[in-house]
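Given only the sequences and the hints, what does the whole structure look like? Please build it.
There are 2 protein chains.
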Amino acid sequence: MAAVDLSTHPGHLARRLQQAHYLLWNTMVSEEITSPQFAVLNTLVAEPGLDQRTVGERVGLDRSTIAEVISRLDRRGLLDKVRDPQDGRRSLLRPTEEGVRTHRRLTVRTARMNQVFLAPLSADERTVFFDLIQRVADAAEGLRHPAEPVAGRR
Amino acid sequence: MAAVDLSTHPGHLARRLQQAHYLLWNTMVSEEITSPQFAVLNTLVAEPGLDQRTVGERVGLDRSTIAEVISRLDRRGLLDKVRDPQDGRRSLLRPTEEGVRTHRRLTVRTARMNQVFLAPLSADERTVFFDLIQRVADAAEGLRHPAEPVAGRR
DNA sequence: GGAAAATACTCAGCGCACTGATTATTTCTG
DNA sequence: CAGAAATAATCAGTGCGCTGAGTATTTTCC
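Residue numbers (the numbering used here), protein chains in the order written: chain A, 124 to 277; chain B, 124 to 277.
Misleading hints may appear alongside valid ones.
For identical chains, the list gives no copy identity; a pair is met inside one copy or between any two copies.
What the hints assert, rightly or not - Keeping only pairs whose Cα atoms sit at most 25 Å apart, straight-line, the calculated SDA-like set for lysine to any residue is:
1) Lys-204 x Arg-235
2) Lys-204 x Ala-242
3) Lys-204 x Ala-169
4) Lys-204 x Gln-257
5) Lys-204 x Ala-125
6) Lys-204 x Leu-244
It is worth saying that the hints were derived from the structure and are not from the lab.
So, in structure tokens, the structure goes:
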């Protein structure tokens, strides 16, 4: 008694959605490279030479998590990590040859997987699906980063 | 070059959504009890005496994860765990007094948090949001559990 | 130019999530 | 009834994700 219906709880649905995706990724894309690892690789293919913090910002991972993901990609030889000679605090990252190849290979599989994952939705529904999730996620992330310190704000 | 747009990747969006929710939960609901822990507690309030495996099935957690979540709730004294005298393999679970009180308290806060989380969406959009996510998640989970062994199937 | 503040990264610690292997118990079947 | 199969839980191992504390380096400002 007094229990709630979890199917109206967005957090619970988000978790289930993410788990379902995780499993599908594992069977259809790769057992080695994870989805967050692919996201990092993807960012570095687009913008080689980014520093670690910026990559984390791009893919939505905090400083600690991005460090671990990168160290795994580094260990597998998929990216190069060098100290910025201009600024000794930064690590500059770029994909290796193999990193680029891996990214290309997984891009194809990922597209296939997305088709299967989104199969239950019509084309119109997919658009709405992306839009709604993105708006909710953006708004919640906005609550976290209280708004960039704009001139004349305190 | 050749990089994809992650904002059209449902897995990436799902992860971001879940992370955003995690942060909001932490600030608005509880720093002690997590969302999965609340889900377990919620299930046990509704159906006290369930075994561990069934609870996991209800909330969508695999055998290993549910074991850890339950051991934490047990350690905090929020549930009782006893061996089923009828079937020595099973652990039967029920919330303690404090578990019920905690659940009641968090139910209120969770409702408030959901309001904030879903604030960017209109009432109609929320309905669609739930429906779309649920359909995608259900379908993907269905791929995993290849369909219950119905009579006359192989 | 040197102390203080800011920035990038690392480290320890906790919790969720999965797989594969192992153990204990029950059920099924010859 | 005994051996085999199924079931519930546990354990070891890997990876994502966060916070708080600590280190190194650069920038800011008196």
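Hints, one by one, checked against the model:
In this assembly of identical chains, Lys-204 and Arg-235 lie within 25 Å of each other by CA distance neither inside one copy nor across copies; the values are 31 Å within and 44 Å between. In this assembly of identical chains, the alpha carbons of Lys-204 and Ala-242 never lie at most 25 Å apart, being 39 Å within a copy and 41 Å across copies at closest. Only within a single protomer do Lys-204 and Ala-169 lie at most 25 Å apart by alpha-carbon distance; the minimum there is 16 Å, versus 52 Å between protomers. Taking CA atoms no more than 25 Å apart as the test, Lys-204 paired with Gln-257 passes in neither setting, with 31 Å inside one copy and 40 Å between copies.
Taking the shortest Cα distances, Lys-204 and Ala-125 sit within 25 Å of each other only across copies (21 Å), while inside one copy they are farther apart (53 Å). For the homomeric pair Lys-204 and Leu-244, neither the shortest alpha-carbon distance inside one copy (41 Å) nor that between copies (41 Å) is at most 25 Å.
Hint check: violations occur at hints 1, 2, 4, 6; the rest are consistent with the structure.
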